[in-house]
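> Note that numbering that gives the first Met the number 0 gives residue 181 to position 182 of the sequence shown, counting from 1, and the numbers run on in steps of one.
Quick caveat, the hints were computed from the structure, so don't treat them as lab data.
Among the hints, erroneous ones may be present.
Stated by the list, open to error - Per label pair, the in silico range of CB-to-CB distance:
no., residue 1, residue 2, range
1, G174, I136, 18 to 26 Å
2, Q77, K153, 42 to 50 Å
3, G178, A121, 16 to 24 Å
4, K153, I120, 37 to 45 Å
5, A142, P198, 42 to 50 Å
6, R216, Q184, 26 to 34 Å
7, A65, Q130, 38 to 46 Å
8, A194, L69, 43 to 51 Å
9, V45, L75, 18 to 26 Å
As the structure is a computational prediction, the values presented were derived from the model and not from experiment.
Using N, Cα and C, we set each Cβ at its ideal position, and we do this for glycine too.
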Amino acid sequence: MTTGQHRAAQPETGPPEEEPLPTIAEQMADQLGGWRGLVESSIPVVVFVLANVIGELRPAVIASVAIALLIAGLRLAQRRPIRHAVNGLFGVGIGAAIAWRTGDERDFYLPGILYGIGYGIALLISAAIRQPLVGWIWSVLVAKGRSEWRADPKLVRTFTQLTVLWGVVWLAKVGVQAGLYLAHQDTALGVARLALGYPPYALLLLITVWTVRRVTREPQPTPLPGA
Numbered sequence: 000m001t002t003g004q005h006r007a008a009q010p011e012t013g014p015p016e017e018e019p020l021p022t023i024a025e026q027m028a029d030q031l032g033g034w035r036g037l038v039e040s041s042i043p044v045v046v047f048v049l050a051n052v053i054g055e056l057r058p059a060v061i062a063s064v065a066i067a068l069l070i071a072g073l074r075l076a077q078r079r080p081i082r083h084a085v086n087g088l089f090g091v092g093i094g095a096a097i098a099w100r101t102g103d104e105r106d107f108y109l110p111g112i113l114y115g116i117g118y119g120i121a122l123l124i125s126a127a128i129r130q131p132l133v134g135w136i137w138s139v140l141v142a143k144g145r146s147e148w149r150a151d152p153k154l155v156r157t158f159t160q161l162t163v164l165w166g167v168v169w170l171a172k173v174g175v176q177a178g179l180y181l182a183h184q185d186t187a188l189g190v191a192r193l194a195l196g197y198p199p200y201a202l203l204l205l206i207t208v209w210t211v212r213r214v215t216r217e218p219q220p221t222p223l224p225g226a
């Protein structure tokens with residue numbers, strides 16, 4: 000065997016190419032569960048609001064929980080991802096249990112309000128201590144656990160600003176719901192829960208993905224010769 004043949008037979012070894020990031024549409028679809036995920040996560044709340052307006056509290060609670068269980072079971076039978084269905088079932092189940100116990104229909108929305116307040120505060124605190132939650136969530140969901148952004152001051156600043164944006168919007172929308180809760184505006188609270196659920200979340204997600212991709216694709220300055 001000649002030297003040339005030996006070299007040709009050896010596999011080329013080079014740095015593995017990094018997998019490209021998913022497109023904006025793919026990342027949005029994954030986080031929101033697609034149109035089906037959007038619809039399925041909203042159905043139990045819609046059922047509760049309508050059933051409670053038409054009838055009484057307890058039939059409305061039973062109907063919303065039954066629909067949430069049916070959706071989760073259907074996804075499981077179809078061997079489809081059930082993450083969004085389980086999350087929805089968990090939220091509906093806790094709210095339904097509290098409303099059933101207290102006999103007050105507005106308590107159905109109380110866990111979501113408390114969760115929103117805690118989440119908004121956590122976002123702002125993480126930004127204040129320079130450990131922005133949006134950056135760490137990006138690492139887990141998009142960057143496959145990598146956290147190189149921590150070594151890039153520009154990305155740290157970007158994620159900090161995005162985290163503040165998320166926290167402010169989250170507290171604003173939960174503030175509207177809390178005001179309706181305290182004012183005993185039960186039907187309006189249900190409508191606000193739907194209107195202020197996925198639409199702001201989808202908009203924030205779109206802004207986040209677009210901003211981070213724009214920053215990471217900006218060309219790095221070329222160092223001057225001899226610098």
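> The structure should be examined with respect to each hint, and the outcome stated for every one.
Hints versus structure:
no.	hint	verdict
1	G174 - I136: 18 to 26 Å	holds (23 Å)
2	Q77 - K153: 42 to 50 Å	holds (43 Å)
3	G178 - A121: 16 to 24 Å	holds (21 Å)
4	K153 - I120: 37 to 45 Å	violated (26 Å)
5	A142 - P198: 42 to 50 Å	violated (26 Å)
6	R216 - Q184: 26 to 34 Å	violated (46 Å)
7	A65 - Q130: 38 to 46 Å	holds (41 Å)
8	A194 - L69: 43 to 51 Å	violated (24 Å)
9	V45 - L75: 18 to 26 Å	holds (22 Å)
Of the numbered hints stated above, those contradicted by the structure are hints 4, 5, 6 and 8, listed in ascending order.
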